[in-house]
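Go by the hints and put chain X onto chain S.
Chain by chain, the residues:
There are 2 protein chains.
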Amino acid sequence: MLYFDGLNCSPFEWDVPDQRPALLKLREGGVGGFISTLAWYEGAVETMDKIVKWRWMAEDNSDLVALATTSDEIREIAASGRTAIVLGSQNISFLENRLGFVELFAEMGMRVGQLTYNIQSDIGGSCYEPTDSGLSRFGRAVVAEMNRCGMVVDLSHVGDRTSRDAIDASDAPVAITHANPYSLAPHARNKPDEVLDALKANHGILGLATYRNIVGEHTTPAAWADMVAWTVDRIGIDHVAVGTDFDQTGGERALTWMRQGRWAKERQYGAGSSNNPAPAAKLDWITGPQDFPHIEQALRDHGFSDDEVALIMGENWMRFFDRTTRS
Amino acid sequence: MLYFDGLNCSPFEWDVPDQRPALLKLREGGVGGFISTLAWYEGAVETMDKIVKWRWMAEDNSDLVALATTSDEIREIAASGRTAIVLGSQNISFLENRLGFVELFAEMGMRVGQLTYNIQSDIGGSCYEPTDSGLSRFGRAVVAEMNRCGMVVDLSHVGDRTSRDAIDASDAPVAITHANPYSLAPHARNKPDEVLDALKANHGILGLATYRNIVGEHTTPAAWADMVAWTVDRIGIDHVAVGTDFDQTGGERALTWMRQGRWAKERQYGAGSSNNPAPAAKLDWITGPQDFPHIEQALRDHGFSDDEVALIMGENWMRFFDRTTRS
Numbered sequence: 000m001l002y003f004d005g006l007n008c009s010p011f012e013w014d015v016p017d018q019r020p021a022l023l024k025l026r027e028g029g030v031g032g033f034i035s036t037l038a039w040y041e042g043a044v045e046t047m048d049k050i051v052k053w054r055w056m057a058e059d060n061s062d063l064v065a066l067a068t069t070s071d072e073i074r075e076i077a078a079s080g081r082t083a084i085v086l087g088s089q090n091i092s093f094l095e096n097r098l099g100f101v102e103l104f105a106e107m108g109m110r111v112g113q114l115t116y117n118i119q120s121d122i123g124g125s126c127y128e129p130t131d132s133g134l135s136r137f138g139r140a141v142v143a144e145m146n147r148c149g150m151v152v153d154l155s156h157v158g159d160r161t162s163r164d165a166i167d168a169s170d171a172p173v174a175i176t177h178a179n180p181y182s183l184a185p186h187a188r189n190k191p192d193e194v195l196d197a198l199k200a201n202h203g204i205l206g207l208a209t210y211r212n213i214v215g216e217h218t219t220p221a222a223w224a225d226m227v228a229w230t231v232d233r234i235g236i237d238h239v240a241v242g243t244d245f246d247q248t249g250g251e252r253a254l255t256w257m258r259q260g261r262w263a264k265e266r267q268y269g270a271g272s273s274n275n276p277a278p279a280a281k282l283d284w285i286t287g288p289q290d291f292p293h294i295e296q297a298l299r300d301h302g303f304s305d306d307e308v309a310l311i312m313g314e315n316w317m318r319f320f321d322r323t324t325r326s
Numbered sequence: 000m001l002y003f004d005g006l007n008c009s010p011f012e013w014d015v016p017d018q019r020p021a022l023l024k025l026r027e028g029g030v031g032g033f034i035s036t037l038a039w040y041e042g043a044v045e046t047m048d049k050i051v052k053w054r055w056m057a058e059d060n061s062d063l064v065a066l067a068t069t070s071d072e073i074r075e076i077a078a079s080g081r082t083a084i085v086l087g088s089q090n091i092s093f094l095e096n097r098l099g100f101v102e103l104f105a106e107m108g109m110r111v112g113q114l115t116y117n118i119q120s121d122i123g124g125s126c127y128e129p130t131d132s133g134l135s136r137f138g139r140a141v142v143a144e145m146n147r148c149g150m151v152v153d154l155s156h157v158g159d160r161t162s163r164d165a166i167d168a169s170d171a172p173v174a175i176t177h178a179n180p181y182s183l184a185p186h187a188r189n190k191p192d193e194v195l196d197a198l199k200a201n202h203g204i205l206g207l208a209t210y211r212n213i214v215g216e217h218t219t220p221a222a223w224a225d226m227v228a229w230t231v232d233r234i235g236i237d238h239v240a241v242g243t244d245f246d247q248t249g250g251e252r253a254l255t256w257m258r259q260g261r262w263a264k265e266r267q268y269g270a271g272s273s274n275n276p277a278p279a280a281k282l283d284w285i286t287g288p289q290d291f292p293h294i295e296q297a298l299r300d301h302g303f304s305d306d307e308v309a310l311i312m313g314e315n316w317m318r319f320f321d322r323t324t325r326s
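Here the protein sequences line up with chains S and X, keeping their order. Reminder that position 205 of the first sequence reads as 204 in numbering that gives the first Met the number 0, one-by-one numbering, no gaps. Reminder that position 303 of the second sequence reads as 302 in numbering that gives the first Met the number 0, one-by-one numbering, no gaps.
This is chain S alone, in the form it adopts within the complex (with noise of 0.2 Å):
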């Protein structure tokens, strides 16, 4: 069964010491395929450094991983035993506020950009803004030319509002990689049933996270489950898929630049707060990518079918991006 991760955000680039036994846990869970993060705030210069540490690195370790822009290339990585890595970006900084910028990154091999990550930006609003001014009208038009090159909006660090309006705007279906429903996990980086709606309408994807701080209660296999059920109920068992959030070498500087970039001195949480401020524990089921079998096994638990579990494991993804994608 294929296995897909709509997002893992440890950075793996060349330089990152570790790197090597964290790939082989993802050959430890059959991980087929996952989507990065190279950029959070990083400009164009440093995302092009990042995309250039990402294939040294693929390069150095082509026995375990390869880099994937199509969901032909993701099987045919992941039936030759290796994990696929589809480049990806939590926050599309390296515009620069350029809207040509989007075809020349397209070009390098960025599939997907999240519009905003944890802060508002020229794009739109973010998910922890006191005010989600909606999508911009600079926003607006990087959403039509991601439809047009092939790269996918990613909703998922991004308000309600502004996510709204992109899923409006978008000719194309968009993802939410890792989030979970309000409802059931109420905390500001979920997302609330009208933006599920919006995205069920529109034919997108959303990746649930096993990210302690976002699941509320469902820390249980049969718990997360459940929640899955649940989504599956609202919007429908082709729109629904996994996307951890795991970050497997990142650490406490790591989480420092995820958390505050260069835009505060002042300490920042994330998803975390002044009460939890450390990086959050994992799920004891859940521990990291070589775990992923036990996501598999509540699936099948809770009495999904074949079917369902495959979609939801990977096949909605590659559906997904066969839809949105191209080489």
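There may be inaccurate statements among the hints.
Label-pair distances were calculated between CB atoms; the ranges are [what the hints assert, rightly or not]:
#1 X:P191 to S:L23: 41 to 49 Å
#2 X:G271 to S:E95: 31 to 39 Å
#3 X:R325 to S:D283: 46 to 54 Å
#4 S:H202 to X:R26: 39 to 47 Å
With a straight-line cut-off of 16 Å between C-alpha atoms, the simulated EDC-like cross-links for lysine to aspartate or glutamate are [stated by the list, open to error]:
#5 X:K52 to S:E102
#6 S:K52 to S:E41
#7 S:K52 to S:D14
#8 X:K199 to X:D225
#9 S:K24 to S:D62
#10 S:K52 to X:E102
Since the hints were derived computationally from the structure, they do not count as laboratory data. Bear in mind the structure is a predicted one, so any value in this text is a computation, not a measurement. Glycine residues also receive a C-beta, built at the ideal position from the N, C-alpha and C atoms.
Structure of chain X alone, referenced to chain S:
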């Protein structure tokens, strides 16, 4: 007959005034294609801005021009009555010291890169440097990477020692897109016999220029054709082509940027001098691309055969691209 110009350095970016009349002159002269100049001293982001602006220009003038990366595309565009633009750069300053950016810029369409412009760089020495360092260690890696990625190595403004080093280092044929033989027209920009002989051995190509400052006494059609004939005798018919060095739209402001970028405040004269500071007057028989048929006529009047004229006017460039570039 296919006409191809090894260098037209006009800044035809989308936001440059009077660009459409200049493009019409390319059509008037029946020019089927040319190598452009995007960067002189520009860094990565500035050069990407230029790539976008050339694309937007081509989109807005798609009845006259189209971008091309291979000889097949050039032939197809020329056959449609338009002019093919091969994106090139007179300085690979866009690398910003990064080996991996060769591949990224190749993916963005850059097909020709001059190793240095008028000043020394991290790659090597220019033709105006009092001491030419030769190809640096980084430069050696860049040449290998350009070979791998199908980006043509251009040596027109490169110092003689760096040029010979680069030819030695290059597995692929290299180009001197726009220069003349030093033996006939002694000027720092022109190429001594040993560089021409090395170019021949490398199966490279030389585009002979009509730029007033570097033709020496070869100012008439007959004298210019004599220079072509001398070069053919020296390095063989297969290695000789045209590279006019026309600037149709740049004017004085662009000339100042070309000559001194940001590296000098004191006035620099490029291929001119303090006695000859202004933009060079055009040769009276070849004042712009609309006069390309006059080049053909000069070659015919000299006594070159039909086949020889076709090779020099464009076919040698097509064969060269077949050996060096890819789509």
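Review point. Quick one: are P191 (chain X) and L23 (chain S) within 41 to 49 Å, going by C-beta?
Key: violated, 57 Å
Check your understanding: Are the Cα positions of K52 (chain S) and E102 (chain X) separated by 16 Å at most?
Key -> holds, 12 Å
Check your understanding: Keeping to a limit of 16 Å between CA atoms, is the pair of K52 (chain S) and E41 (chain S) held or broken?
Key -> The hint holds at about 14 Å.
Check your understanding: Is 39 to 47 Å a correct range for the gap between the Cβ atoms of H202 (chain S) and R26 (chain X)?
Key -> Holds: the Cβ-Cβ distance is about 45 Å, inside 39 to 47 Å.
Review point. Is the hinted range of 46 to 54 Å satisfied by the C-beta distance from R325 (chain X) to D283 (chain S)?
Key: holds, 51 Å
Check your understanding: Given the hint that K52 (chain S) pairs with D14 (chain S), does the C-alpha gap stay at or below 16 Å?
Key -> holds, 7 Å
Practice item. Take a quick look at whether K52 (chain X) and E102 (chain S) sit within 16 Å of each other, Cα to Cα. Key: Judged against 16 Å, a Cα distance of about 12 Å means the pair holds.
**Study point:** Proposed proximity, D62 (chain S) with K24 (chain S) (alpha carbon, max 16 Å)
**Key:** Measuring from Cα to Cα gives roughly 14 Å; hence the hint holds.
Review point. Taking 31 to 39 Å as the hint, is the beta-carbon distance of G271 (chain X) and E95 (chain S) inside that range?
Key: holds, 36 Å
**Study point:** Agreement of K199 (chain X) and D225 (chain X) with the hint, judged by alpha carbon distance not exceeding 16 Å
**Key:** violated, 19 Å
Hints 1 and 8 from the list above are not met by this structure, while the remaining hints are.
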